[in-house]
Every structure is written in C-alpha cells, then in structure tokens.
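For the record, the sequence lines run as chains A and B. Just so we're aligned: 237 in numbering that gives the first Met the number 0 is position 238 of the first sequence, and the numbers increase by one with no gaps anywhere. Just so we're aligned: 266 in numbering that gives the first Met the number 0 is position 267 of the second sequence, and the numbers increase by one with no gaps anywhere.
A few of these clues could be false.
Stated by the list, open to error - Chain A is faced by these chain B residues, among others (derived, beta-carbon under 10 angstroms):
#1 I108
#2 I141
#3 Y170
#4 C179
Stated by the list, open to error - Here are the simulated BS3-like cross-link-like pairs (lysine-lysine), alpha carbons at most 30 angstroms apart as the crow flies:
#5 A/K226 to B/K148
#6 B/K265 to A/K169
#7 B/K148 to A/K221
#8 B/K265 to A/K196
#9 A/K169 to A/K226
#10 A/K166 to B/K14
#11 B/K14 to B/K271
#12 B/K200 to B/K49
#13 B/K265 to A/K299
#14 B/K165 to A/K271
#15 A/K221 to A/K299
#16 B/K17 to A/K226
#17 A/K221 to B/K271
#18 A/K199 to B/K157
#19 B/K271 to A/K271
#20 B/K265 to A/K221
Stated by the list, open to error - To list a few chain B residues with every Cβ distance to chain A over 12 angstroms, as calculated:
#21 Q50
#22 K68
#23 N146
#24 Y159
#25 L177
#26 M198
Since the hints were derived computationally from the structure, they do not count as laboratory data. Each residue gets a CB set at the ideal place from its N, CA and C atoms; glycine is no exception.
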Amino acid sequence: MNLEEYRGVWVFLEHKEGSIVPVSLELLGAGRALADKRGVPLAGLLIGDQVRPLAQTAIQYGADIVYVYDDPIFHDYRTESYMKAVIACCEKHKPEIFLYGATSTGKDLASAVATDLATGLTADTTMLDVDVDTGLLQASRPAFGGNIMATILCKKHRPQMATVRPKVMKALDPDQSRSGEIVEEHATMREEDLRTKVLKIVREAKNTIRIDEADVIVAGGKGLGSKEGFQLIHRFAETIGASVGASRDAVEAGWIDHPHQVGQTGVTVTPKIYFAIGISGAIQHLVGMQNAGLIIAINKDPHAAIFQHCHYGIVGDAFEIVPMLMEAFPKAVLGEVQYGGKV
Amino acid sequence: MLHIVACIKQVPDTKVIKMNPKTNTMDRSSAPAILNPYDAHAVEEAVRLKQRYGGSVSVLTMGPPPAVKAIRKCVEIGADEGYMISDRAFAGADTLATSYALTKALQKIEKIQPIDLIICGKMTIDGDTGQVGPGIARRLDIPPLTNVKKVVEVNKEKGYALIHRKLEDGYEVVQSSLPCLFSVEKEINEVPYAPLPNMLKAARYQPIIWSVDDLDDVDRTQLGLKGSPTIVAKVWPPEKPKGGEMLEGSPAEQVDRLMEVLLAKKELFRVKEVR
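Make a model of the complete structure from these sequences and hints.
Following this line, the structure appears as structure tokens:
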C-alpha cells in the first residue's frame, strides 16, 4: 500500500428526515481542523435518496468537496448497499482519514467498510489529532469500560478510520458564503443483488428520552436506595423542568429504564447543569457526564469519587437536601426570595 | 433444524477493575474473568431459537486456555457444543485480526455442521467496539444485522430471518436472507438462572480446542499483532478535574449557597411551583 496516494479528510454525512444529523456536522468541524493542519481538503460523503440539497449544508459547515450518491436504492440505510458505495468511493478518491459518527448507522457501516478495505478502525473516539508531517491520526478513546484512555494509531493502512461519539466535537457556525465542489457519484448495484430489505421504520420519538439534548439533567444513583427513593429524582426534575438521568447501578436495579443511563454503556451528555444525586462517581459514569457545564454533586459519603469531579459538592442526605431545593427553587426563580444579594 | 453459532468472549469485569494509583495501570488481576454480559444474551437468544425451531447451538471463542470457563457458562445457559481457538499466534489481535481468526474457525465448524445463523453480543465490555460481529459477516459474505433487539422469525425453509433493529429513535423491521449474522442488544431477552441439569453438564464439559495448525488455509500475516492495523500507542488515566467547592454549613446554609450559584443560570430552569 502506497500511503502517499491517500490524501484528504472525509466525513460520512448521516442524515435523517431531510437533515444532516448533528454528529456529522460536529465531525465536519473536527475534520476541518484536521484538514487545515495537514493542508488537505475536507470532503463529505453523502449517500441517500433525494439528498442532493444537503450537500450545500455540508459545505456551509466546512466541507470543500461533497461526494453524492443520490439513488432510490439508498432510500433506506442498509449495510450492504451503503458499504458498497463507500468502498467504491474510497477506492476511487483515496482519503487518508475517514470519520463516522458513533451512531448505530455509523458504527455498523464503518465496521463493514474497515473489514473490506482491510484497514484499522477506532471505535467511540472522544479526542482526535493528526501529526502534521506523517499524517498519522491520533484517535483517543475510553477503554476498559472507561477505566483508561487509549490513543490508537493505524500506521500502515489507509484510510485511517474512526467512529466519533456524538456531542464531544464542536460544529462550526454555518457560513452561507462558503463555496465548495459537489461531485456526483453513481451506484452500480441492483436491488436484486441485495439480501436485506427494510420493511418498516417505527419512530418512537415521543416515548424516547433524549437526555443527550437536555440543558439541565437531574441524575440519580444507588444512593437513593430503592425504586421509591428514586422517585425523588423525578419529582425534583419535574419541579425545575429538567430531564432525568441515572447511573448504571440505578438502571440495573430496575429503578429506571436504560435510555436514561448516563455513561460508558449509556448516553454521553453535555448539559449546562448536571445534578449527580446519590451517585458515587464510577469512572464509567464520569466519562458520560464530565463535559457538563456545571456539575453539582449531592452524596452522603464524603469520600465519593464524584466530589473530585464536580464544581460544587454537598455532603448530605439527598432526602433532606433535595426537598429543600424543591421548595427554594420556585420561590427564588419566581423572584420571591433573593439569595446573597447577587441575583 | 437450525444450527446457530454464538461467538463469545471471556472478559475482565470492568465494573470492578482497579487502577494501580502508583503506576496508573490497570490491575487486571483485581477483576474476575466473566462471560461478556452481552454475549450471554447472544447465547440465550440462540437457545430460545433452538427451542422454538429445533436444532442445536454451538459457541465459539478465541482466548487463552482459562477461557474454557466462559464456554462452560454458555453450556449452563443451554449451548450444546463449544469450540475454542487458542494459540499464541492469535495474541494481540485487534478487531480486524480477531474477525479473521474467528472466521477461519467458523469455516471449519461449517464443514462439521452447516451454519444457518451466527449471533454475537452487541460488543464486549473490555474492547467496547462492536466491530468483530460485522467483520465476521463481511468475511463470510453474509448480511450483518447489528443492534438486533427482537427476532420475529427465522424461517429456514424459505431462507429468511425477520428482526427488529434498534435505532436511536425507534426501530426498523428488517428482512434478511439466511445465513446471516445478528449482533444483539441486551434488551433482546433476560438470561434466567441456569437449570440444574445444565449446570451439571457444564461442570464436566470439555470444548473442542483448535490451535492455528488445526485451521485450514490460514494466512498467518493476518493473525494476531501482525495482522492488526491498529496499535495502542499510549494509555493514560482519564483526566481528573480538580475537585470543586464543597459547600459548608448546615443543610439550609448549603442549600442557600447552591441557590446563589444556580440563580445565575436562572434562564435554564422551567420552574413549576411546588404543591
């Protein structure tokens, strides 16, 4: 493999219901930085049915080039069809770095593509950098359930591929005046050659909790003691208009469903305010919430690890402290009481 | 009659793993070796499909000799046969090299008894990648179906499987030809306590163990460290943000101080009046 032939940074542009998904826009921001450092173009790869208009969006968010496969065969995401398009495009244009969102689609696609291209793939990356001279991608990620961070390199194969966790990279502000090149690509596969069919897509948006989009999260853990105790979290969250999060222990105890789980095997969240109540602060949990703007921990145990990772900590009984907060909030926010003269 | 193979791995229990604070390395001996929890769901689903449609369940693992224990655990769940590939040549494999080695073993199993369906767990809790399952499917050129949360039907006669595949905001109903590979979510089933006869069988069970020489047409450059395009260049403990301000005083005083902090961010709250 002649590594010199490979040039440019690519982002897989995942889309849903007519928009590029947020993680792909975040990756265009991260990819822009890598491409600028290397002095190479940033390209987006867009695959779908009637998706051409999205190419312009990708350019506004930082892409120099967008390769577009627009064909009814790509109406639904299927590993088989998308993979063939991605592989053909890589073989034709030879990118040096290729990033995908660590979503169910991105991870599925990247795993299949990496196998066929016989190249390295780093999963769930949370930090990216590139060596200016060698072009070596430094993809770092939590490993062993978040117990350590590891930097992974792929020295002898191209493209260097990584899936990247949503919400850890920053999208650029869209620039309407940016221009770029849109390159039409064509699929060569036929429907009868594909072995899978999507019969139906069921969206459960109403019932699905999107804690990754919440501004304020109240999260509870083992320290609440029981399912009944966990109700305190729901009541507090409702009072202040927050979303409910939970540690793995609380989910495994059956106090709350998995979509609420914050951490390594749950959701990565980046709220402006995160209340960690009765949460000890296992590393698996910390990796999921450490980027919150303001972290407030309430725990009975003064030695709980969470206190090393919060901005404000209260050592105390949640069942005493939280009800006091629930009383104080409405009065204070509605302006009946002033605190410390600073408000 | 279906022949289902579940691919499994023995992993350190990352929930209890301890870090050595002096060297900042993991003390792997502190963590018990367990069957990867997601793989237990894969084996359970295979056993349920066997009960529903008839047939047999084999499990396959790659690992050092003590990984036999993980296979015995699968026999407890209800697996009929266990295969293990164990050889220094496999050591240091990343997901690409792992999927290659497992594929070679699956091709050998296929010769003993044709395989209709392969089931993997969603990911392992030590690697956390979820890449080996799709890798195997690609190498065998069968459809990979990841994030499977429900198996509606496996119809060997008509040659298809029908599943629900989990999405970020719902699920999709997918039909695939057989053979194919599922990697399953943990919500697909609950793994019950093992029945006593299974436990007795498991205690005595000896899996079939192959070395690299037992596999056919192996390209050794694709195995182990040599066959792994990715390398771990550096490990370090996750950054510890310095501890914040601990609020002092009585609970009421602590709450007052916290309110001061929070009211600076008043606009973020949609407060409901209590009572």
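* Indices of hints not satisfied (ascending) -> Violated hints (numbers, rising): 1, 8, 9, 11, 23, 24 and 25; every other hint is consistent with the structure.
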